[in-house]
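Engineer: The listed protein sequences correspond, in order, to chains A and B. Start counting the first sequence at 1; every next residue gets the next number (my numbering). Start counting the second sequence at 158; every next residue gets the next number (my numbering).
It cannot be assumed that every hint is accurate.
As the list claims (entries may be wrong) - Interface residues of chain B toward chain A, partial, derived using beta-carbon atoms under 8 Å:
no.	residue
1	ALA247
2	ASP267
3	GLY268
4	ALA269
5	ARG271
6	PHE342
No lab work stands behind these hints: they were computed from the structure. Every residue gets a Cβ at the ideal spot worked out from N, C-alpha and C, and that includes glycine.
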Amino acid sequence: MSKLEVEAIVNGSVIDHIPAGQGINILKHFRMLDTQRTGAKITVGFNLPSKTMGLKDLIKVENKRLSQDQVNQLAILAPGATVNIIENSQVVTKYRPEIPKHISNVYRCPNSNCITNFEKVSSTFYVLRKASGLKLKCKYCEKIFDKEVVSQTLNTR
Amino acid sequence: MANPLYHRNIISISELSRSELELVLQTAKKLKEEPNHTLLANRVVASLFFEASTRTRLSFETAIQRLGGSVIGFSDASNTSMAKKGETLADSIRIISGFADAIVMRHPRDGAARLATEYSSVPVINAGDGSNQHPSQTLLDLFTIFETQKSLDNLKIAFVGDLKYGRTVHSLAQALTLFNAEMFFVAPDALAMPDYMLEDLYNHNVRYSLHKNLENIIPELDILYMTRVQKERFEESEYHSIASQYVLYPEMFQRARSNLKILHPLPRVDEIELEMDSTPYAYYFQQAENGVYAREALLSLVLNEEV
Chain A
1 MSKLEVEAIV NGSVIDHIPA GQGINILKHF RMLDTQRTGA KITVGFNLPS
51 KTMGLKDLIK VENKRLSQDQ VNQLAILAPG ATVNIIENSQ VVTKYRPEIP
101 KHISNVYRCP NSNCITNFEK VSSTFYVLRK ASGLKLKCKY CEKIFDKEVV
151 SQTLNTR
Chain B
158 MANPLYHRNI ISISELSRSE LELVLQTAKK LKEEPNHTLL ANRVVASLFF
208 EASTRTRLSF ETAIQRLGGS VIGFSDASNT SMAKKGETLA DSIRIISGFA
258 DAIVMRHPRD GAARLATEYS SVPVINAGDG SNQHPSQTLL DLFTIFETQK
308 SLDNLKIAFV GDLKYGRTVH SLAQALTLFN AEMFFVAPDA LAMPDYMLED
358 LYNHNVRYSL HKNLENIIPE LDILYMTRVQ KERFEESEYH SIASQYVLYP
408 EMFQRARSNL KILHPLPRVD EIELEMDSTP YAYYFQQAEN GVYAREALLS
458 LVLNEEV
């Protein structure tokens, strides 16, 4: 990939190696689309060529330093993502998402009878590693879902 | 030292350890043999039934009064501020927990009891949250098994009927994983035990098998846990063909072990013929009565450091 395709940043975070198509979900996940209100300066690349992935998405956020906790939230949408923290144009920290124990206030519970879909309350899912893949268990209704089912319900409230 | 259930929320059976389950059962046995009218003296328990449930509510309210406590509450939500004025569950619970020493609640939504614990200043006992959990039912089932078999260990138990939607079946099977039970699942295809439950049992090294023919396995059993097929889940004609597949009648039990007991969470419809009631195997009415003792045990342990 040519370095010129996405402009370099001086300070901030670069989320790289996002599976193509997941970039928009990550922007929603971190509530980065509300740029009018936050004033955040964000550069986005969709469907960029990648040697290892074929195509990938990439997000650069200026003047925002993502924490390991925030990076871990990517484990559901983009487990192979890398996050570089940039200071004075230098990479000072590299993160890879680690599967978090729980995920709060990101997704809605897919169970239409779950109390969290009726009361104003943050959702929380416990992350379970099963032989058949990552599962998310709602803290409230205790139903267990495939991560793909839950990740379609980004909490936009 | 306070008992381990003192001031605990009782939401999901899976949160109770083997020794905590045994403590509840021993306490239920004690209270059945020697009634105690003072364990809840001067205590007020809120009985909040956001959804009607006659047996569970009367059983809890009987337990509270038999222990010398008083009850406040409602038997359905239609006449409450939540229904009439749109008050949230969270606010209702905050306020009511300021009035009472404990809350017993039934709610039509899954997870409502867990949510209530986050706003309540007093212990919450889940009396059923939607299709999710109903721990006091499992405790009364366990107490009845313990009472009839004198032990919970190494039993052979068949679950028959609706194993797909039957919340009581799932919770009881989950609890019995702690006691090395061998389980037989007998159900029509449409109501088979869900795969995630079987996976869970497999992970706990539970011996289980799936069956279509009930009569063949009856001679092996200590407990036969019968359930009702819920009419509302099927079309009329489909319901009749499914519900008629498993019906208990006395001739089926000619080779049964003498200690076999039939349990049923009730209400029953047609799945146990009335002639069964007078056989030595029928124990479902005593089981319903045991609901009071199991709930007395739960309430007294949650509200007293020592029982």
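Engineer: In ascending order, which of the hints set out earlier in this document are inconsistent with the structure?
Structural biologist: Violated: hint 6 alone.
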